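Model the placement of chain B on the given structure of chain A, informed by the hints.
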Amino acid sequence: MHFAEPLLLQSGASLRDYMLMYETYGTLNADHSNAVLVCHALNASHHVAGEYEGKPKSTGWWDNMVGPGKPLDTDKFFVIGINNLGSCFGSTGPMHTNPATGKPYGAAFPVVTVEDWVSAQARLADQLGIQQFAAVMGGSLGGMQALAWSIMYPERLRHCVVIASTAKLSAQNIAFNDVARQAILSDPDYHGGDFYAHGVVPKNGLRVARMVGHITYLSDDDMAEKFGRKLRDIAESGDYKFGFGVDFEIESYLRYQGDKFSEYFDANTYLLITKALDYFDPARKHGGDLATTLASTKARFFLASFTTDWRFSPERSREIVQALVSNRRQVTYAEIDAPHGHDAFLLEDARYMNMVRAYYGQVWKEIEGTV
Amino acid sequence: MNFNELSAARPDLAFIAHWVDNKAHVLDVGCGDGVMMDYLQSDKQCSGYGIEIADDKVLASTQRGVQVVQQDMENGLGLFGDNSFDTVLCLSSLQMMKHVEALLRDIVRVGKEAIVSFPNFAYWPHRVALLKGRMPVSESLPYEWYDTPNVRCATITDFRDLAQECGLEVIECVALAEGKRVSFLPNLRGDLAVFRLRKK
Chain A
1 MHFAEPLLLQ SGASLRDYML MYETYGTLNA DHSNAVLVCH ALNASHHVAG
51 EYEGKPKSTG WWDNMVGPGK PLDTDKFFVI GINNLGSCFG STGPMHTNPA
101 TGKPYGAAFP VVTVEDWVSA QARLADQLGI QQFAAVMGGS LGGMQALAWS
151 IMYPERLRHC VVIASTAKLS AQNIAFNDVA RQAILSDPDY HGGDFYAHGV
201 VPKNGLRVAR MVGHITYLSD DDMAEKFGRK LRDIAESGDY KFGFGVDFEI
251 ESYLRYQGDK FSEYFDANTY LLITKALDYF DPARKHGGDL ATTLASTKAR
301 FFLASFTTDW RFSPERSREI VQALVSNRRQ VTYAEIDAPH GHDAFLLEDA
351 RYMNMVRAYY GQVWKEIEGT V
Chain B
1 MNFNELSAAR PDLAFIAHWV DNKAHVLDVG CGDGVMMDYL QSDKQCSGYG
51 IEIADDKVLA STQRGVQVVQ QDMENGLGLF GDNSFDTVLC LSSLQMMKHV
101 EALLRDIVRV GKEAIVSFPN FAYWPHRVAL LKGRMPVSES LPYEWYDTPN
151 VRCATITDFR DLAQECGLEV IECVALAEGK RVSFLPNLRG DLAVFRLRKK
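Protein sequence lines, in the order shown, are assigned to chains A and B. 371 is the number that my numbering gives the last residue of the first sequence; the numbers go up by one with no jumps. 200 is the number that my numbering gives the last residue of the second sequence; the numbers go up by one with no jumps.
Bound-form chain A, shown alone (with noise of 0.2 Å):
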């Protein structure tokens, strides 16, 4: 959808015009109270459920969760998954034109945040005609989305739904993303960001970027489990190879994840996801203080961590638990004891998966007047 009202950003800049890339799901029904946003993570898009046709690799991001039937059922809700500003998934961003000078915006393109998207966001969802969303949910950089949300439209969504996120990433965090920052920034093919004009992209440096970031989606046990200590590539003796190369399975599974994802993500958008990541810190406006923060907020929340998750920790999940419980807001949290590290929000574990199903169900009976 394009939008040609210009949009001001928090930073102060602001973008003329711009699309917003989004797919939706389900069927939306005639008081318009069945619609879920779902937002999305670092390195996801609008397209969260189902395949493209004739494209068998194409399965949405969130296919285990949302679809006919599944925990975010798509027979009963109306969902909508939406691409973010700054994304190189269809929605504007640094690859695109910029209106001003007739290039694309590379360096140029503004920092967008958490806030900006939801800014956004609210936009596409006045065109669609949804004043209040029966949910706004997200994992991870998604559920911070929706937590800005419930603050600020605290009367268009009647359930927050937040998955492994934080109200404000750590000092540990932000030293990771801007380890992944710094590989890209420091690949001479990334150009100042105008690598686009040279004709080449910063492969290595997203390539590392990815290895660093990757490393902290997964648990300690969990990369045992899989990797161990496992060789890959052993010498004919038997022994080490004792050099730089391939020599555990970890390194040659990193490298792969490097590697692929080089080549389907624009190292600007890395940059600029990150950025919003660790510029995320509503109750700054507080001074800290997150109850403070959360007393405008209206929705009925639900909550999941994984015990093992270590990038976005049940710690940072029971801080906001406790900011709502304070301000008496109704809140529902469940702490799933998942070996799987922060990439647990996405994959299949029954009992997290149940917890959804159940409150998404009562959503639903809700909605239908039920309860």
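Hints are computed from structural coordinates only; laboratory data are not their basis. One thing to keep in mind: the hints can contain errors.
[Unchecked claim] Have a look at the derived ranges for each label pair, beta carbon to beta carbon: (1) B:GLY81 to A:GLY12: 34 to 42 Å; (2) B:ASN4 to A:ALA224: 49 to 57 Å; (3) A:ASP220 to B:ASP72: 19 to 27 Å; (4) A:GLU53 to B:VAL151: 55 to 63 Å; (5) A:ASN98 to B:ASP72: 49 to 57 Å.
Quick caveat, the model's predicted, so the values are computed rather than measured. In this text, a Cβ means the ideal position worked out from N, Cα and C, and glycines have one as well.
Below, chain B alone, put in the same frame as chain A:
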């Protein structure tokens, strides 16, 4: 859930529910499948949360529309501020805690009033079992000694002492047998002890 349904399912909870005021803000520590909060919400317009650790019970509570926070009560009630609830319930859960005293103090910290229930170890069939040289197994203590989740065994008299030591006022103390009040020789004839407490 209405009162008749609650009485049929859990007569002990039906008795205790009378002590909770309409529209009270309630914390149910160890809420199980959420049946008590379900009743208090729908019949007495109460608000509040359950706390529960077990996955299946957290799920059951959510399916009932009870707001539940999944947490190990052994870690205390640090999520909640002082006097933030009108009533804190801890029903047939305290005996499963290692740190009973710490949790009890926390319960009365966050609640203006607390209602605590636990199986009375001095119930006469339990005494008979011990006289016969066996650990008691009964409807209120349905576990064998080696698989019981109850790590603390107390009698009504014992608990009264602990409440005193914690500086708590016992507003009411009732012994129930099969959900009905026992007035004569309660520590002998009651299988469930119920205390209503507040800070002195």
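- Query: Which hints from the list above does the structure break, by number from lowest to highest?
  - Reply: The structure conflicts with no hint, since it agrees with every one listed earlier.
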